[in-house]
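Chains as they are written, first to last, in this note's numbering: chain D, 1 to 218; chain R, 1 to 201; chain P, 1 to 213.
These aren't lab readings, by the way, just hints derived from the structure by calculation. Each hint should be verified, as a subset may be incorrect.
[Stated by the list, open to error] Think about it this way: if two alpha-carbon atoms lie no more than 27 Å apart in a straight line, the pair counts; the simulated DSS-like pairs of lysine-lysine are:
no., chain 1, residue 1, chain 2, residue 2
1, P, Lys65, R, Lys102
2, P, Lys203, R, Lys173
3, R, Lys173, P, Lys199
4, P, Lys201, R, Lys173
[To be verified] Example chain D residues on the side facing chain R (calculated, C-beta under 7 Å, incomplete):
no., residue
5, Ser18
6, Leu21
7, Asn25
Positions of the beta carbon are idealized from the N, C-alpha and C atoms, including for glycine.
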Amino acid sequence: MLIVRLSVILMVIASIASGGLALLNKKTAPVIAAYKAEQQAKARLEVAEPVGGVEFREKSLEDGELFWEAFDSDSNLVGYVGMAYGKGYSSTIETVCGFDTEFRITGLKIIYQQETPGLGTKAVEVKKGETKPWFLKQFMKKLAANLAVTKDRGEIDSITGATITSRAITKSIKGVGLRIKDKVKVIDEVAVKKNESITHEPEPDNPYMKKEFKEIAE
Amino acid sequence: MDFGNLFVIAVGSILINNFVLMRFLGICPYIGVSKKLDSAVGMGMAVIFVMTLASFATWIIYRYLLHPVTGIWGVDLTFLRTIAFILVIASLVQFVEMMIQKLAPALYSALGIFLPLITTNCAVLGVAVLNIDDNLNLVESIVNGIAAGIGFTIALILMAGIRERLELANIPKPLQGIPIAFIMAGLMAIAFLGFSGLSVG
Amino acid sequence: MSLGNEFTKGIYAENPVLRLALGLCPALAVSSSMTNAVGMGASTIFVLLMSNMLVSLMRKGVPAKIRIPIYIVVIATFVTVVEMVLAAYFPPLFESLGIFVPLIVVNCIILGRAEAFAGKRAFIPSIIDGLGMGIGFTLALCAIATVREILGNGTWFNLQVTPTGFEPVLLFMLAPGAFITMGAWLGLFNWIDERNAEKEKTKAYMTEFGGEK
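Taking the hints into account, I'd like the entire structure generated from these sequences.
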């Protein structure tokens, strides 16, 4: 009998606690979600700024991963934005990546990292008189497919003492770039097939014709 | 099954991100139980055991009771994570203690006194939370639990070995006992920093 | 013991971190910057205060056999409250404290005070005790963080304090620096104690032999 009584007491206390937390959760959960959404939206604008992307349309890859098509003020498709998640030394680094239509990097913004202070955190360090972190600057205008740190025979100089962090960021950006590129290519091929009967063929050196794109996107 | 990935997780938790020396988890028992080598071994074994079970139990609970999509209620209960995990670990420790006492009295006399201490060992809750934060699957979580326990045990045994010898050393009086243990831990952490250059995968 | 003593003992004589060696994990892990130290200190004070209050209020109704699980539920609840509030209203701080926010649950100071003090004592002393211990914990964190942030990064509360020629000793920002700083503070406290004890001894000796004042 004693065990029953004790269990009941424990149950009652646990349910009061959970009830209270549920109420609080109802209040805080939307605030947390809104903060995250706002942060991402801001970062998207920032990374797509060099190609003039101001409007974003959410899309998803086969496995549910989200990416965004960026449109300029005349609603021309100017690039893509993706989220890169790289497992660094002590955290999963989240980077918002902007690509132009040829999958060159237009902008990068790290929105979450908890790497070692003084080493890995240099990835977000901004030099005096500059506005963007120096580590990320070297990615600009490079093709996503070619990204690699110098140790892996690439062109990206690692942060001194933080190869794991540098490599994680580089690899994750390359990965997300290629995944979006593949997806876009598939859409494009479908679009080409559909339009085969039409005499107007896409120019060979620019497979991402704006016109077809907008049709698919809509 | 991707064994390479499991190996990366294991090496990561044992050496590169050693729970005690790099992540600062489980410092209290690390300082408290490292005076003698045999008690350090006993504590280490108990921690490996409980961490493995806790990784398994908390993963199942998170996935099937708390998670909004895969959970059986279909409601987002992830905010109850901390409460649920600590209760699971506390009851698990109690349960393990009773089971060992009944089934393996010899083992109980070796590990028994360490078990109650484990409830407040933050390394156990730490590994459970990290498994979820790092999105590990069930097998990876269990491997991570075992590896974290091994990492803890290695650090603890090394420390106990050093402290047994320190008994005979001539240490300035204000530094005797816990202060010198911390400074030793600092030196060991410098050594473990060397592993951070280790590139796996 | 007077209420004043209940308050001050947590800060110096029984400082949880530097004297009793409790709550060491957060003291080492989040002491790489003053901002983190103060954030962690405030969160811990809140949880400690609330749990001491509630445990003291419930002390007559709680069956002795299940008091520990009950304390754990109470503490975990308040920790979750802190988690939610930080995540919603102080996201940068929440991110930099990381996994150590949920781990406040296993901070042995809190369960220790519930078991050793609040579970047996009246409401008011329990509040005072919680406040004193919490502030003592925060001050210890700040002591470690001050050394680590200034030596390791040249800043204090993110403000540059060292002259431009000073090259920060990165080691203090990393794990080894935390351990060594902690060891040094503990040693310093022991040394002060020893000196005080010797002074007391001399004083006692003097009075016993009726020496000069």
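Note to self: Take the shortest C-beta to C-beta distance between serine 18/D and chain R; is it under 7 Å?
What the structure shows: Constraint on serine 18/D satisfied, holds at 6 Å.
Item checked: Cut-off 7 Å, beta-carbon criterion: hint that leucine 21/D touches chain R -> holds, 6 Å
Note to self: Just to be careful: measuring from the Cβ of asparagine 25/D to every Cβ in chain R, is the smallest value less than 7 Å?
What the structure shows: holds, 4 Å
Margin query: Need the status of pair lysine 173/R, lysine 199/P: alpha-carbon distance at most 27 Å?
Written below: Holds: lysine 173/R and lysine 199/P sit about 17 Å apart, inside 27 Å.
Check: Are the Cα atoms of lysine 203/P and lysine 173/R separated by 27 Å or less?
Finding: Given that 27 Å is the threshold and the Cα spacing comes to 22 Å, the pair holds.
Notebook entry, point to check: Taken at face value, is the distance from the CA of lysine 173/R to the CA of lysine 201/P at most 27 Å?
Noted result: Roughly 18 Å between the alpha carbons, so the hint for lysine 201/P and lysine 173/R holds.
Note to self: Tell me if the straight-line CA distance from lysine 65/P to lysine 102/R falls inside 27 Å.
What the structure shows: holds, 21 Å
Violation of the numbered hints given earlier is absent; every hint is satisfied by the structure.
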